[in-house]
Amino acid sequence: MFDIIGRRNIYFLISGLMILPGLIGLAIWGLKLGIDFTGGSLVEVRLGSNPASAQVRSVFVDAGLTDVSVITGSTTDALGKTYLIRTKTIDAGTKSDLLAKLGSAYGPLTEDRFESVGPVIGRETATNAFLAVIGASVLILLYLSYAFRQVPNPWRYGACAVFALLHDVVLVVGLWSILGRLFGLEVDALFVTAILTVVGFSVHDTIVVFDRIRENVSRFPGEMFERIVNFSVNQTLDRSINTSLTVILTLTALLLLGGATIRGFVLVLLVGIVSGTYSSIFNASCLLVVWENGELGQLLGRLLPAKPVVATTP
Amino acid sequence: MRRRESITLAVIILIASVAGWIVWPDNPGIHATVFNRDIDVDFKVVEGLDLQGGMQVLLEADPAPGQELTPETMNAARSVIEQRINAFGTTEPVIQLQGQRRIVVEMPGVKTPEERDRAVKLFGETGLLEFVDTGSTSPPPGRPLEPGKYPTVLTGKNVDANAVSVTFDQRNTPQIAFGWDAEGARTFGDYTEKNVGKYLTIVLDGVVLSAPRINSRIDDRGVITGRFSLAEAKDIVTKLKYGALPVPVKVVQQREIGATLGQDSVDRSITAGAVGLGVVLAYMLIYYRLPGFIAGVALVIYSLLTFAAFKNPWAPVTLTLAGIAGFILSIGMAVDANILIFERMKEELRLGRTLGAAIEAGFNRAWDSIRDSNISTLITCAILYYFGSGLIRGFALTLALGVIVSLFTAIVVTRTLLRLLLSTGVARMPALFGVGGVTVPVESAKRAPSRPDPNGFLPAGS
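These protein sequences, in sequence, are chains A and B.
The numbering used here numbers the first residue of the first sequence as 1 and each following residue consecutively.
The numbering used here numbers the first residue of the second sequence as 315 and each following residue consecutively.
Not close to chain B: a few residues of chain A, all C-beta gaps over 10 Å, as computed: (1) 21; (2) 50; (3) 64; (4) 149; (5) 152; (6) 159.
Rough simulated footprint, nothing fancy, chain A against chain B, three-plus residues with beta-carbon under 8 Å: (7) 579 to 590; (8) 646 to 653; (9) 683 to 694.
Please keep in mind that the hints were generated in silico from the structure rather than gathered at the bench.
Glycine residues also receive a C-beta, built at the ideal position from the N, C-alpha and C atoms.
Build out the structure end to end from the sequences listed, making use of the hints.
Put into structure tokens, the structure is as follows:
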């Protein structure tokens with residue numbers, strides 16, 4: 001049996017170290033928001049004569065558009081190289097005129113995609129995404145408080161599960177900030193879907209562990225809570241790892257073989273699910289013990305690296 | 315006991331066969347006449363725009379100052395737009411109200427830039443037709459008419475929709491024939507009789523279509539001439555037939571996706587799904603042996619049922635790329651219930667229970683965890699569905715459907731198969747259950763030495 005709860009401070013520290021770079025990234029660069037949130041237009045075309053992206057950009061800038069960015073795709077097929085052009089919101093008519101110019105200069109032109117999102121819609125999507133994460137957290141907290149109503153302090157279980165899920169959300173969002181900086185990955189509506197799926201999965205994982213704790217608490221009355229939790233985590237370890245592994249296997253298949261358009265989406269899921277597994281084994285249960293032991297106040301002090309870590313297990 | 319299981323098995327096989335038949339790619343559907351009632355059911359996958367290409371437009375009501383926006387107004391606007399799109403003639407359009415002031419229009423059939431430009435015009439104009447008394451002046455066609463300068467005699471409200479059509483003059487130029495309802499005919503007859511020799515200007519959404527001279531009294535039939543192309547004439551007829559939009563709308567979001575991008579993504583996702591399913595099957599078989607094999611059978615049935623549910627003819631699930639990802643993800647999550655049960659079974663076996671008792675205990679004890687964890691996933695799906703739009707909703711729906719179906723397959727199907735196998739006596743070797751260290755499922759307890767035992771895990775005094 002692994003002594004997981006006894007080494008909880010190490011696991012809290014690892015979590016802290018995993019999250020820290022993302023938080024720094026968020027503080028410095030923020031998130032690279034896609035047009036789903038900011039509003040704007042996106043045109044994807046293939047151009048037969050493979051011009052440089054600056055040449056494509058100048059067609060749009062010459063037409064008086066601001067904030068134009070052009071990204072060239074990595075693949076080139078018989079119809080030419082792929083170009084992703086972003087501008088402020090333009091309507092279909094303006095787009096047709098611009099593409100006609102672009103086609104006559106660097107054609108033949110194939111139009112693959114046009115998306116245009118008004119600024120109002122963008123703000124709404126951002127608000128809804130925020131509300132969705134909050135709403136899911138609150139409902140899960142309520143449901144868990146209900147499901148664990150027979151143990152003392154049921155809402156602590158809910159709170160710890162929500163803490164674990166926020167851990168995963170922060171980790172993924174932070175990672176995305178860094179990836180956005182390095183590879184230009186954007187935050188879009190799909191990203192929010194992925195985050196919420198991670199939320200669902202993380203809670204799913206945590207509940208299985210908590211369920212075992214609930215069962216063992218009634219089976220071994222009078223036993224130290226800490227030892228019951230450690231035993232429960234060990235009992236569910238095989239299951240946690242196996243379940244995560246099957247999900248990771250399917251997602252890896254999707255990442256390697258699926259289309260390029262959902263690659264970012266799958267990557268968020270993959271990182272989030274690994275983090276969700278970690279947080280439900282190492283964070284949620286440990287936090288529950290810390291709380292039940294009444295050590296919550298001390299914990300913050302202990303996490304400071306300057307002080308030596310003293311294990312409290314007997 | 316065995317008899318009950320056999321019946322359940324028969325039901326499962328029946329359901330799986332029906333699902334398999336529905337999922338079959340060339341499924342012909344059901345077309346028959348039973349007791350004089352025609353049955354026409356098709357089982358088709360409804361592909362989202364990101365898969366089949368096409369155009370999606372989000373419209374928002376833009377009421378004039380002082381105009382009240384009621385649900386009735388929005389419903390009326392929706393049906394006008396629907397009629398216009400149907401007359402436009404595109405395959406399988408989807409027109410839905412979203413929220414209180416928005417309408418989503420999806421037109422998978424609209425693929426060329428020319429079609430897109432025409433389609434956008436269907437929403438951009440409200441279709442207000444006016445017959446304006448311009449006295450002795452004849453304003454040039456194609457130009458806007460100064461609002462309020464001339465009195466309006468009649469509007470499109472009095473046009474008889476059944477009498478509107480495209481016709482051709484002697485030189486084969488398209489023109490628009492129209493007719494009036496009773497009230498319109500009276501007003502029009504009186505007016506034309508009094509104003510012979512004057513000009514009657516026909517205005518659509520503020521722009522002059524034509525300004526013919528009144529030669530004689532006209533009662534209930536007339537023709538609008540102008541420099542229309544055939545397509546333009548058809549679109550004008552559509553607007554006249556189906557009336558004006560009760561509230562002006564504007565395009566707030568627009569997506570156009572080429573079909574090639576879609577097809578490529580579908581093929582890749584299907585490959586990925588098949589490989590993912592295969593890897594999970596292999597993993598379960600290696601790790602859990604016989605129960606793993608049974609979980610694999612349950613998983614295949616799960617995939618068939620879920621996909622059959624997508625193709626249901628009453629409320630088909632629109633399959634998007636995100637939806638496929640949700641489906642593939644749910645395969646991974648569907649196994650979770652089985653993993654929970656099997657781990658529990660292993661524990662019970664190690665405690666020395668007989669196979670039969672271990673199987674029952676595994677199912678009973680794992681149920682709490684399965685229920686709580688799946689309800690939390692369903693809560694997330696509900697939130698996603700509530701806050702999300704098109705793409706996200708598809709994902710939430712497929713994931714939720716997967717969770718519900720997986721509860722059936724992972725519990726009912728697996729349990730029935732395990733019980734039946736047990737009763738045949740094939741499954742009496744613990745090795746088939748992946749439990750090392752236990753040789754025979756005898757009644758006496760025999761523990762795996764390296765494993766924790768709940769009864770001894772907390773030695774007194776430590």
